[in-house]
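Listed below are the residues making up each chain.
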Amino acid sequence: MVSIGVDMGAKNVKVVVLRENEVIGKALVTAGLDTEGALKEALQSASREAGIDYDEVGNITATGAGRKDVPMARDELTEVGAAARGALFHFSDARTVIDVGAEEGRGVRFNAEGRVIDFVINEKCAAGAGAFTEAMARALEVPLEEFGPLSLKSDREIPMNAQCAVFAESEVVSLVHAKTPKKDIARAVHDAIASRITSMVRRVGVEERVALVGGLAYNVGFIDSLNRDLETEVLIPPDPEYTAAIGAAVVAAERGAKASEGGENS
Amino acid sequence: MMEQFQEWAQERHSYAQEWKKQTGGKVVGYFCTYVPEEILYAADILPVRILGSHEPQDVTEPHIFGMFCPFCRDCLAQGLKGRFDYLDGIMIAQSCIHIRQAFTSWEMHLPTDFSYYLPMPNHVQSKRATPFLRGELEKFKGAVEEWTGTTITDEKLNTGIDLMNTNRRLQKQIYELRQGGNPPITGLEAMYLTISSQTTSKEDHNREMERVVSELSDRSTGRSIGTRLMLVGSENDDTEFVNMVESVGATVVIDDHCTGTRYFWNESEPNGGDPLEEIARRYVDRPACPTKDWPDRTRIPHVLKMAKEWDVAGAILIQQKFCDPHELDIPALTKAFHEAGIKTLFLEFDVTVPLGPFRVRVEAFLEMLSDEDLF
Ligand code: SF4
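Protein sequences appear in the order of chains A and B. Take 27 as the starting number for the first sequence in our numbering and just add one per residue. Take 11 as the starting number for the second sequence in our numbering and just add one per residue.
Watch out, some of these pointers could steer you wrong.
Residues from chain A shown here face chain B by an in silico Cβ test under 10 Å; the list is partial [as the list claims (entries may be wrong)]:
1. ALA91
2. THR104
3. GLU105
4. VAL106
5. GLY107
6. GLU149
7. VAL199
8. VAL232
Computed far set for chain A versus chain B, every beta-carbon distance over 12 Å [as the list claims (entries may be wrong)]:
9. VAL83
10. GLU130
11. GLU167
12. VAL246
13. ARG254
Source of the hints: derived by calculation from the structure; they are not laboratory data. Just so it is clear, CB atoms sit at the ideal spot from N, CA and C, and this is done for glycine as well.
Next comes chain A alone, as it looks inside the complex (with noise of 0.2 Å):
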């Protein structure tokens, strides 16, 4: 049976097909002003590649800020629940879930069945999201494609005591003042992200192993960082952005083959 897992995210639409338990299309669309447009042209094409026909799509569940706008999934899934089904599509050992993606943080802990036992996301601040790195990429003039291998090359460690945005700004720019390498400051930069996550994250319990996933999962400087913080190696999905999606669409399978056992309409 071929199920259908949207994730109507607040800046991206994300669909993935699934079929056995393999994924077998995939599409991302920037949603912009017309989310309904992007939500067509994200299925259309994600249906493309899988090569299937809209007969054969068993059950599709909705994620994602905007879970509610996806008029043809036939139920939802909170991000909380999607993060941890995705995490555990990919890695069966997996018990914790870290997704960072631009303005926000989360920590799901769950068990085998990706069932979740706790769950913690970031208060209003944006120190601990994707955005805040975006700013400190732009603050130090580095591409930030560049940023996360840039910090890499750090062996020094400076502590960075701002817990918001905007005070970091300007405590990046008197250490910029105060001639400090690029690579150091972009180190800094990542090991406070890192920092206020893993004592998030702490929060729910640290359960091995540990999956990281969202936008930030791309920063290799972040990644190291965490490493370090967590005292762990988190695993990576591929395409990591996706693993929302995927735990939408595993659901949708479950859901729908729950369905067809009890019969029709059910």
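Place chain B with the ligand on chain A using the hints.
Coordinates of chain B with the ligand only, in the frame set by chain A:
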């Protein structure tokens, strides 16, 4: 059926002003539910609780440090903005230092005819707490008599006790109706019920409760109950929050708040002739606020018992930011709930709460609670 309570809670200022006009009586604003309202009622004074308004404000900064709890700042802001100008007096009973700061600031900047600090003992578990409080109540009664120029007889005190006890009994009766599978009132309605009991004359409030209580047992809210939840925390009159929680597949069936059950859970017991002692004992014995729950932790078994009797699947632990007394209880409560198989969600409240991000958490929490059915 419950609309009157909501209206009273929302229109509390015009209610109190109208009451004053009609009766010519005095209104006293109080800051903490350890204030013995019996004595005020005995003097024909209307006690109203000072609560915040959940609007952002910028007037308390010169008076209260930012690291005091948002509730006490919100309360003071109401005074500084002139919303309680009709008060003839204010008072507090000792509980926590944050709200006392609001009281002291109010006293300094918004002078009223009457202002009273009642040293309610913190060590309520001591044998000496009741006699001590009885003595303090005697002094307080004297101060009220002097202010109003009337004598508060035992008979008047007994009337005050009756009024308060009736109010407590009826509220508890209504809350008990929420134990069953189909609670006749929502958590939001319960919240309005109790808030209004703190801002309305108990005579009016009792009359309205008597009117609805018999009809309530047959009432259906016509909505699906969803997950049964408990709210636990200090003060919480954030109706928007409860409304949000109840709009995403849950019903709040019970709470431990001082704007909820802690306010009315126990009545005073007749003791054969000393009303002040009766009142003192009632406040010493009431479900404890964490400021007074030492050395034994009586609050935790009390909360757990309610959670079981009201059959909740999860509890939302609400923490007013920087509220030390309650913060101290959170780890122990969390542990106790988890050991009892009840999951918890911790949320930190400010004057205004971010409803969007809180909805994300509440929905994830409810999904976690219902996981068993899904997989
Ligand atoms: S008990 Fe907590 S919420 Fe209540 S006044 Fe004190 S600090 Fe504020």
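Okay, the hints, checked on the actual structure:
For the restraint placing ALA91 of chain A at the interface with chain B, the shortest Cβ-Cβ distance is roughly 7 Å, inside the 10 Å limit, so the hint holds. Taken as an interface hint, THR104 of chain A checks out: its beta carbon lies about 4 Å from the nearest beta carbon of chain B, inside 10 Å. For GLU105 of chain A, the interface hint holds, since its Cβ comes within 10 Å of a Cβ in chain B; the closest pair sits about 7 Å apart. Look at VAL106 of chain A: its Cβ gets to within about 4 Å of chain B, closer than 10 Å, so that hint holds up.
With a cut of 10 Å, the hint placing GLY107 of chain A at the interface with chain B holds, because the nearest CB-to-CB distance is about 5 Å. Because the closest C-beta pair between GLU149 of chain A and chain B is about 7 Å apart, less than 10 Å, the hint holds. For VAL199 of chain A, the interface hint is violated, since its Cβ never comes within 10 Å of a Cβ in chain B; the closest pair sits about 26 Å apart. The restraint placing VAL232 of chain A at the interface with chain B is violated, with a minimum CB-CB distance near 17 Å, outside the 10 Å limit.
Here VAL83 of chain A stays apart from chain B, with its beta-carbon at least about 20 Å from theirs, past the 12 Å limit. Remark: the non-interface label on GLU130 of chain A conflicts with the geometry, its nearest Cβ contact in chain B lying 8 Å away (cut-off 12 Å). Look at GLU167 of chain A: its CB is around 32 Å from the nearest CB on chain B, clear of 12 Å, so calling it non-interface holds up. The beta carbon of VAL246 of chain A is kept farther than 12 Å from every beta carbon of chain B, the shortest such distance being approximately 29 Å.
Distance check for ARG254 of chain A against chain B: the nearest CB is about 28 Å away, which clears 12 Å, and the non-interface claim stands.
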